[in-house]
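Single-letter residue listing:
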Amino acid sequence: MISKLPWHLRLWAALLLGLLSTGALAAGNPDKPFAEKHVVLQISDPDPFKQTLVLNVAGNLIKHYGPDKVDVEIVAFGPGLRLLLAENDNSDRIDNLVNSAQVRFSACENTLAKYTQNLGHEPALNAHATHVSAGVVRIIDLIDQGYTLIKP
Amino acid sequence: MYNTRTCLAAVIAATGLAAALPTQAANWLMLQGTEPAGAAERARVWGFIQPEFQYTEGTKLEAGPFSGQDAIFNTIGPDRDASSQFNIRRARIGLRGQGFPLDSNTNYFFLVEAGNNGITKPGGGLGSLKLTDASVTFNHFDAARVRVGQFKTPGSEEGLKAIHVFDYVNFTSVTDGVLLERYIDADGSAPNDPNGPNGPVGAFRDIGIQLFQTFRRDDWEHSYAVMVGNGNGLARSDNNNEKDIYLYLSTEKIFGGKGARRQGWKGFVWYQEGDRTLTLAQGTDSTADDVEQDFERKRWGVGTTYLNGKYRAAAEYIVADGMIRNGSDGGAVVGALANNGLSRASLNVLPEDEADGWYLDFGYKIRPNIELDVRYDRFNRATDTDPAERRFDTLTLGAQYFFNKKTRFIFNYEFREAEAPNLPSSHPANQILDGMDDRISAQILAIF
Chain A
25 MISKLPWHLR LWAALLLGLL STGALAAGNP DKPFAEKHVV LQISDPDPFK QTLVLNVAGN
85 LIKHYGPDKV DVEIVAFGPG LRLLLAENDN SDRIDNLVNS AQVRFSACEN TLAKYTQNLG
145 HEPALNAHAT HVSAGVVRII DLIDQGYTLI KP
Chain B
367 MYNTRTCLAA VIAATGLAAA LPTQAANWLM LQGTEPAGAA ERARVWGFIQ PEFQYTEGTK
427 LEAGPFSGQD AIFNTIGPDR DASSQFNIRR ARIGLRGQGF PLDSNTNYFF LVEAGNNGIT
487 KPGGGLGSLK LTDASVTFNH FDAARVRVGQ FKTPGSEEGL KAIHVFDYVN FTSVTDGVLL
547 ERYIDADGSA PNDPNGPNGP VGAFRDIGIQ LFQTFRRDDW EHSYAVMVGN GNGLARSDNN
607 NEKDIYLYLS TEKIFGGKGA RRQGWKGFVW YQEGDRTLTL AQGTDSTADD VEQDFERKRW
667 GVGTTYLNGK YRAAAEYIVA DGMIRNGSDG GAVVGALANN GLSRASLNVL PEDEADGWYL
727 DFGYKIRPNI ELDVRYDRFN RATDTDPAER RFDTLTLGAQ YFFNKKTRFI FNYEFREAEA
787 PNLPSSHPAN QILDGMDDRI SAQILAIF
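Chains A and B, in that order, give the protein sequences.
At the far end of the first sequence sits residue 176, using this note's numbering, and the numbering has no gaps.
At the far end of the second sequence sits residue 814, using this note's numbering, and the numbering has no gaps.
FYI, nobody ran anything at the bench for these hints, they're computed from the structure.
Backbone N, C-alpha and C define an ideal beta-carbon position, used for all residues, glycine too.
Among the hints, erroneous ones may be present.
As the list claims (entries may be wrong) - DSS-like, lysine-lysine: derived pairs with alpha carbons at most 27 Å apart:
| no. | chain 1 | residue 1 | chain 2 | residue 2 |
| --- | --- | --- | --- | --- |
| 1 | B | K624 | A | K61 |
| 2 | B | K772 | A | K61 |
| 3 | B | K771 | A | K93 |
| 4 | A | K93 | A | K61 |
| 5 | A | K74 | A | K93 |
| 6 | B | K609 | B | K664 |
| 7 | A | K74 | A | K87 |
| 8 | B | K426 | B | K487 |
| 9 | B | K771 | B | K624 |
| 10 | A | K87 | B | K772 |
| 11 | B | K426 | A | K61 |
| 12 | B | K609 | B | K487 |
| 13 | A | K61 | B | K487 |
| 14 | A | K175 | A | K93 |
| 15 | A | K74 | A | K61 |
| 16 | B | K619 | B | K771 |
| 17 | A | K175 | A | K61 |
| 18 | B | K772 | B | K624 |
| 19 | B | K619 | A | K93 |
| 20 | A | K87 | A | K61 |
| 21 | A | K138 | A | K175 |
| 22 | A | K74 | A | K138 |
| 23 | B | K624 | A | K93 |
| 24 | A | K175 | A | K87 |
| 25 | A | K87 | B | K771 |
| 26 | B | K772 | A | K93 |
| 27 | A | K175 | A | K74 |
| 28 | A | K87 | B | K624 |
Stated by the list, open to error - Here are the in silico distance ranges between beta carbons for each label pair:
| no. | chain 1 | residue 1 | chain 2 | residue 2 | range |
| --- | --- | --- | --- | --- | --- |
| 29 | B | E407 | A | E146 | 21 to 31 Å |
| 30 | A | E146 | B | R410 | 49 to 59 Å |
| 31 | B | T472 | A | N134 | 30 to 40 Å |
| 32 | A | A110 | B | D660 | 21 to 31 Å |
| 33 | A | D116 | B | D660 | 53 to 63 Å |
| 34 | B | R583 | A | N134 | 35 to 45 Å |
| 35 | B | R733 | A | S157 | 58 to 68 Å |
| 36 | B | R602 | A | A110 | 40 to 50 Å |
| 37 | A | Q169 | B | D584 | 16 to 26 Å |
| 38 | B | D584 | A | G170 | 50 to 60 Å |
| 39 | A | S157 | B | T472 | 28 to 38 Å |
| 40 | B | R583 | A | Q169 | 31 to 41 Å |
Make a model of the complete structure from these sequences and hints.
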């Protein structure tokens, strides 16, 4: 069957399979294929100063390495989830970090469930927040993938 | 793991498989038809400009009734007066957003074209500003969103994707041949009627109503679209009572990211069906004998797109049944007078023939701001009629340089070949097609 295909079709099919196989083996953030540093920042503190600090650290990493060379994810859980509430004062800075450097923000669903229980309704999160089942598990997974954990 | 990736990348690079990165794997139904609920602006101005330069050697026709004249395939559209030219290929400006403060579940999309192309100057005719998109989407139901107006029809990836993230300057031969529709009045058989386009090219768009939705489950996203439209092109009313049907299904494994450059692996199938009305000449000297006749036009395809980090790939197989555009008489520019002075070259269509084609497309980003592309496409035209069958093969090598996220430079070199596979090599048709030049193109794309 395959031997009946034109030679160029077989060649391109082989190359396609090669590309797909290569991509399937790729690690880290596919949005940052040229990143040389992979960093996960933890925010689990209710202090607004800490919220500002973690964003400052992300900004400084990007400034130093360049947006293409560093891959940053900020994981918020516990009281730190306040950083990712929709009405948080830092939402403009979050927008900027996402749009200019593709920084990712992960929100802990366990914490969100607790907030929902206490408030009586689910609080609105920043549109850039990605839900993860547990913030601490997300951090462990990223460390396993080679990320460096920093807790400012 | 990284060693494996490096080795495979080296093997691919060594085989000359260097390519680009941008689009692919994006959900065009959602990106073009919706806005983030409650988060979009009331009116966001946007658009893009594409100045370009294209060049062929301008080889003349080497046989046939127009021998020595310009070959249409070696001229540059839309005017077809030159074999090299600077041009403003596209210049579009539009608005999109949630313009109805009382209802954030309703959004709109509006875009006009002011560039020099088949939309504004069909067949090299008079230029004018043209409406390309004007639609309103209602997002009130979980099972189906409703989009009404003029917009891109659900179909081939090459047609459906946003043109401002297209990785090449020119479309593949099969897309240009059977999907980028030219609307004409007759089949081109009348000897002195150029049978030029009677309006803008279809630009993969129609006026109608579409039901669509996307369902997300973990990292998988499944989408569908069903559309009914006029099937008569841009910014004008229908010319018959038959409506076109468009069907589309896709499923995608999402790796990450968002928007037009979302990373993922998508598979899709699509089907389109409609009728086209032609006026066929029944006699040679009296229009009184002409009759209108409807012909079925069917298109379908299956394909996949892939984007992961530095790597990009796409493949699609396209089939066409009915209304097969069949080039121009003798390969001449439409309207050209034959050397014997007795007839003019017309744009032709085979209303009941078939065609098919496919493309394979790869990209590799060698640096954050440089990507290399390679694409191979095949177009088998008029496969149901041996003497009329033509085969087009094009290998396109490309490079893109990103000045920033919204401005890039695209360079393409197209190795082009064509033949009449069922005719001897000495046949005038093959002598004409032997004169098909390679094509060089360079384009700037600036999005605002």
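Going down the list of hints, with the structure as the test:
no. : hint                        : verdict
1   : B:K624 x A:K61              : 21 Å, holds
2   : B:K772 x A:K61              : 25 Å, holds
3   : B:K771 x A:K93              : 16 Å, holds
4   : A:K93 x A:K61               : 7 Å, holds
5   : A:K74 x A:K93               : 25 Å, holds
6   : B:K609 x B:K664             : 12 Å, holds
7   : A:K74 x A:K87               : 20 Å, holds
8   : B:K426 x B:K487             : 24 Å, holds
9   : B:K771 x B:K624             : 14 Å, holds
10  : A:K87 x B:K772              : 21 Å, holds
11  : B:K426 x A:K61              : 56 Å, violated
12  : B:K609 x B:K487             : 26 Å, holds
13  : A:K61 x B:K487              : 51 Å, violated
14  : A:K175 x A:K93              : 21 Å, holds
15  : A:K74 x A:K61               : 23 Å, holds
16  : B:K619 x B:K771             : 25 Å, holds
17  : A:K175 x A:K61              : 16 Å, holds
18  : B:K772 x B:K624             : 16 Å, holds
19  : B:K619 x A:K93              : 26 Å, holds
20  : A:K87 x A:K61               : 13 Å, holds
21  : A:K138 x A:K175             : 23 Å, holds
22  : A:K74 x A:K138              : 21 Å, holds
23  : B:K624 x A:K93              : 19 Å, holds
24  : A:K175 x A:K87              : 19 Å, holds
25  : A:K87 x B:K771              : 17 Å, holds
26  : B:K772 x A:K93              : 19 Å, holds
27  : A:K175 x A:K74              : 10 Å, holds
28  : A:K87 x B:K624              : 23 Å, holds
29  : B:E407 x A:E146: 21 to 31 Å : 25 Å, holds
30  : A:E146 x B:R410: 49 to 59 Å : 28 Å, violated
31  : B:T472 x A:N134: 30 to 40 Å : 36 Å, holds
32  : A:A110 x B:D660: 21 to 31 Å : 55 Å, violated
33  : A:D116 x B:D660: 53 to 63 Å : 57 Å, holds
34  : B:R583 x A:N134: 35 to 45 Å : 21 Å, violated
35  : B:R733 x A:S157: 58 to 68 Å : 36 Å, violated
36  : B:R602 x A:A110: 40 to 50 Å : 45 Å, holds
37  : A:Q169 x B:D584: 16 to 26 Å : 18 Å, holds
38  : B:D584 x A:G170: 50 to 60 Å : 23 Å, violated
39  : A:S157 x B:T472: 28 to 38 Å : 34 Å, holds
40  : B:R583 x A:Q169: 31 to 41 Å : 23 Å, violated
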